[in-house]
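**Q** Once you've looked at the hints, dock chains B and C against the given chain A.
Protein chains in written order, with the numbering used here: chain A, 1 to 234; chain B, 235 to 515; chain C, 516 to 1097.
There's no promise every hint is true.
Label-pair ranges, simulated between beta-carbon atoms [to be verified]:
| id | chain 1 | residue 1 | chain 2 | residue 2 | range |
| --- | --- | --- | --- | --- | --- |
| 1 | B | Pro503 | C | Val939 | 19 to 29 Å |
| 2 | C | Lys668 | B | Gly341 | 35 to 45 Å |
| 3 | A | Arg54 | C | Val520 | 42 to 52 Å |
| 4 | B | Gly310 | A | Arg229 | 41 to 51 Å |
| 5 | B | Leu284 | C | Val939 | 48 to 58 Å |
| 6 | B | Gly390 | A | Glu215 | 46 to 56 Å |
Reference listing, derived: stretches of chain C covered by chain A, where coverage requires no fewer than 3 residues with Cβ under 8 Å from a Cβ of chain A [to be verified]:
| id | segment |
| --- | --- |
| 7 | 1024-1032 |
| 8 | 1050-1058 |
Rather than coming from a laboratory, the hints here were simulated on the basis of the structure.
Beta carbons: idealized from backbone N, C-alpha and C, even for Gly.
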Amino acid sequence: MLRLEGVDAYYGLSHVLQGMSLSVAPGEAVALLGRNGAGKTTTLKTIMAVVRARRGRITWNGADITGLSPFRIVQAGIGYVPEERRIFPNLTVYENLKMARLAVDGGRRMDAYVSRVLELFPPLAERLSNKGRNLSGGEQQMLTMARSLGTEPKLLLIDEPTEGLMPAFVDTISRTIGEIQRQGVAVLLVEQNTRLALEATQRVYLIEKGMIKHEARSAELAADAETRRRYLGV
Amino acid sequence: MNGCILILVALGLSIVFGLMGIINFAHGIFYMLGAYAGWLTVQLTGSFWLALAVAPAVVGLLGALVERGILKRIYGTRNAAFAGVLVTYGLAIMIPDLVRMTFGRPGKPFAMPKILTGSLFQLGATEVHGYRVFILLVTALLLPLLWLLLNKTNLGLVIRAGTSDNLMVQLLGINVARTWTVTYALGAALAAFAGVITAPLVAVAPEMGGLVLIECFIVTVVGGMGSFLGAVAGGLLIGETLALTGMLYDVFADVVIYLAMALVLLVRPRGLFGQEGMAEE
Amino acid sequence: MRGLVLAALVLATAPLYADYTPFYLGLLTEVLVFGLFALAYDVLLGHAGVLSLGHSAFVGVAAYVTGILLARYQAPLEPSVLAGALGGLLTSLILGVFVLRKRGVYLAMLTLALSQVFYYVVLMWTPVTGGTDGLGNLPVLHLSAPLGWRLSKRPITRYYVIATVIFLAMLAIRHILRSPLGRAMRAVKANETRAAACGYDTRRIKLAAFAISGFFSGLAGALLTVVLEFVPIENIHWQMSGTVLIMALFGGTGTLLGPFVGAGLFIWMRDFVSKHLEYWEVFVGGVFVLIVLFFPDGIVGTLSRLSGRRRAVPLVEQSDRLPDPERLVGAAARGGSDERLLESQALTKSFGGLTAVSHVDFRVRRGELRSVIGPNGAGKTTFFNLLTGVLPPSGGRILFKGRDITGLPAHAVSRLGIARSYQVTNIFGDLTVFENVRIAAQSRVTHYRFWGSADRLAAVNERAEDILRHLGLGDKRVVRGAELSHGEQRYLEIGIALATDPDFLLLDEPTAGMSPDETQRTAAFVRGLAGRVTIVVVEHDMEVVMGISDRITVLNYGEVLAEGTPAEIRENADVRRVYLRD
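One chain only, chain A, in its complex shape (with noise of 0.2 Å):
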């Protein structure tokens, strides 16, 4: 479904990504795992046409997204999950929802669509109302997500969900992709927590200075202390 093929791509002039080839099948989860500046998180900007992919082809479903501007991409089936979060910090809750939805539907169904941001997430029922910058790290995460699910996406790319986040919240995470896959949308995972990644994802790459040096099934890697040792360790 989604494909990259050689993609390089570039910080100004600092080649992050070199030659870097993965793919994600429908409503599959896989999870790109590797130690910091590995390019992990520029793989993902570089899909969603936040950072420019110099060289190589990104397809989608067959069509080549490569050139095209990031709200295209959006509207193509594919969400994004930053890692900063971002959420509109003077905006309520409610009100970041709300963005989601305007590309899909203008805003029409907004009450179905809480609903379902209710179900997957409970705490913010009482925080529908409060500005988003007034939320904790956790409250912010949960939106996040639940906004980026707005978009409908087929695919969606989250990058590290349980950053500065307390441990307790890791459960809630794994829970959410879970459901996120029972309903039918694959995820594309860059995450620090090994143990997360692994649960949660059927497949995972390994990246090292911008390209992927291991491919594995999670449950094995999972079981492989000394190849995880040799790519994540200290």
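**A** Frame of chain A, contents of chains B and C only:
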């Protein structure tokens, strides 16, 4: 310059700045064009009220054309902010002469509609003129409408979201380019409306835009860039200062507002209601 | 030099082509005066990178000062002109102090608004200035003894006198632009934050640029009064600010000739195009917009680019020679190794509700090589920003050589001997490779000296040369920074930091985006520096970290998780857990 007029003009400038980060030096031009559009409408149809509707519409459309045709070329380039200033400044030089070409150099008199002429009532020692009450009423009506637009409509939602994080708005599938065009046109329309409303009070002249632009800058510095409340508070403050000191010693009034601006810059650089770090770059 | 001689020749013979007619001579004189104004304006715009829309105040105040001295006080000519120039200087300083609190377009807006104060003063003060009628009744103008030449109604004499003054002024400006201050201004334009990180007080530098611009704009204003023998109120109207901007952009910013070409073009349009086109300002505005959109370098700039005046440097293969760090570090860095060079105590930084750095105690001994590692979001870059004065801490203290440096701004921290390199390359892209390093080295010698060529600072040049050679960038000296390859830029990144002769070096991800080869070279280079400079490195490449560090600090959630030798950290269970989150 009337406080209410300043509020309207400053709001237009502020909204454009908040969303697009552009300090629109052509803003005064839209004000002037609004006055002329209004004058032309009155010449053709004789109706002041029609002019009030036509002027903002026509100038708003013009604003959209400017944004689409010219400004769009600078987005994303190196030094885009500077290029924006220079291009809009260039337009501010060109267009008054185009207006002179079309309408001639001298100002045009703009008759006040009969209903509104004459003083309405006495307030202490001063006579309260009907037209000024009209301006006050119109502004009082328009401000809540604008507020509703910004806070209760989808367009307003996108503008407010885009003011804090433009990229994220795109990452939710929304085509921001369209919103920018509409926002710029809205700013132009507001300025044009202020222009046509002011027309009966001042001469409709090609030079109108310059002075109002500078006063608008002062209002936004004092009130805070990119803030609704800032534009309102700033407009009132500056407008009333001008009116009060104007009664004492005419030209002195202008200097007073510059001193006010200097004071704000020294003591609270972001303005009364501006956000921290706004317009730093 | 050639160009100057040519210019002098042209100036000397120009009246010939003008057939000595008073009209054309007058026009020529006016072009020169406006050319000086545009050149003075461009000192601020093209060289210091500050857009001002308030120059009408500088030229206007000067025009009136000179005019008043001549008309009301019958003062002699030369002091009146000088007083005018000083008037421009003073006005620019006043304006500069206010507007430099902001930057960019906001600053431009402020200059426009504030310049109006002066307009209103002139407008109000009718008895002295003549208000809208302008200031007239100037006496017959002549030079003072011993020359005593008459200028009024003597277009030829007046032309030569003014042309000489302007030529000398142009030489003076040229001289200042080549001075250490001039170079500092260019660095501020090329990359303001890096200039500050090298030790330059960028606000003061910009104020100095304002002053230079104001003085020479004032001189132009004073000369304008001499030419017109009258001071129209238009000279201080904000439209004058637009005129000079147009002239500068037409001709091309950053050049010496450009402003004069631009002035000539504008005045031609004003006087000749206007004969055929009544509304010539549409024409001017239109050309202006076109130039901004399509020819931002202006006429002279575009021509010189097209003619390839920028020397094309053949692409040289990057040298394989390992850079040798031996001579790079100055004597200041050597010293006893037990001294606590840098220390932070309970250092904390919060942004709203988020605490990025929390009560970090950090001690580095002189000569040590410390690595700082940690998972994403651990606060490493924020920590660096705190140490270098880029961000003020929310709590805690920072001590350098035992002295409290908490809250000092970036340029002050740099002057004390702390230098840093950046994770995202932050070089002076528009400056040559040599100048990148030279300007950093210059910061230890002089900032504000505006006389004498910067190229004559022998010690500074030597140091820059040394650094470049040892970084393997010697053959790229004249290449623009922005045109280097990524790896070369990363080396230059470090070179700039080293050029300031620091005692303490902070390197933020020096191997970011490098190939395995480049990474190895860099690691060896940094290791070679150790012992002579105290170094703290943020790195993600574990091989590098383990290979070069004396000690390692691990940050997590903004707090210090562990600290120790590489071996200790490798065995540390907490660190393992945090990294692997198994």
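**Q** For every hint, state whether the structure bears it out.
**A** Status of each hint after checking the structure:
1. A C-beta distance of roughly 28 Å is found between Pro503 of chain B and Val939 of chain C, which places it inside the suggested range of 19 to 29 Å.
2. Separated by about 38 Å at the C-beta atoms, Lys668 of chain C and Gly341 of chain B satisfy the suggested range of 35 to 45 Å.
3. A C-beta distance of roughly 48 Å is found between Arg54 of chain A and Val520 of chain C, which places it inside the suggested range of 42 to 52 Å.
4. Our hint of 41 to 51 Å for Gly310 of chain B and Arg229 of chain A holds, since their Cβ atoms are close to 43 Å apart.
5. As the Cβ distance of Leu284 of chain B to Val939 of chain C is approximately 56 Å, the hint placing it in 48 to 58 Å holds.
6. Gly390 of chain B and Glu215 of chain A have their C-beta atoms about 47 Å apart, which keeps the hinted 46 to 56 Å range intact.
7. Proximity of the segment 1024-1032 of chain C to chain A, defined as three or more residues with a beta carbon under 8 Å from a beta carbon of that chain, is established by the 5 residues found.
8. As drawn, the segment 1050-1058 of chain C meets chain A at 3 residues by the rule of a beta-carbon pair under 8 Å; at three or more, the given contact holds.
The structure meets every hint from the earlier list without exception.
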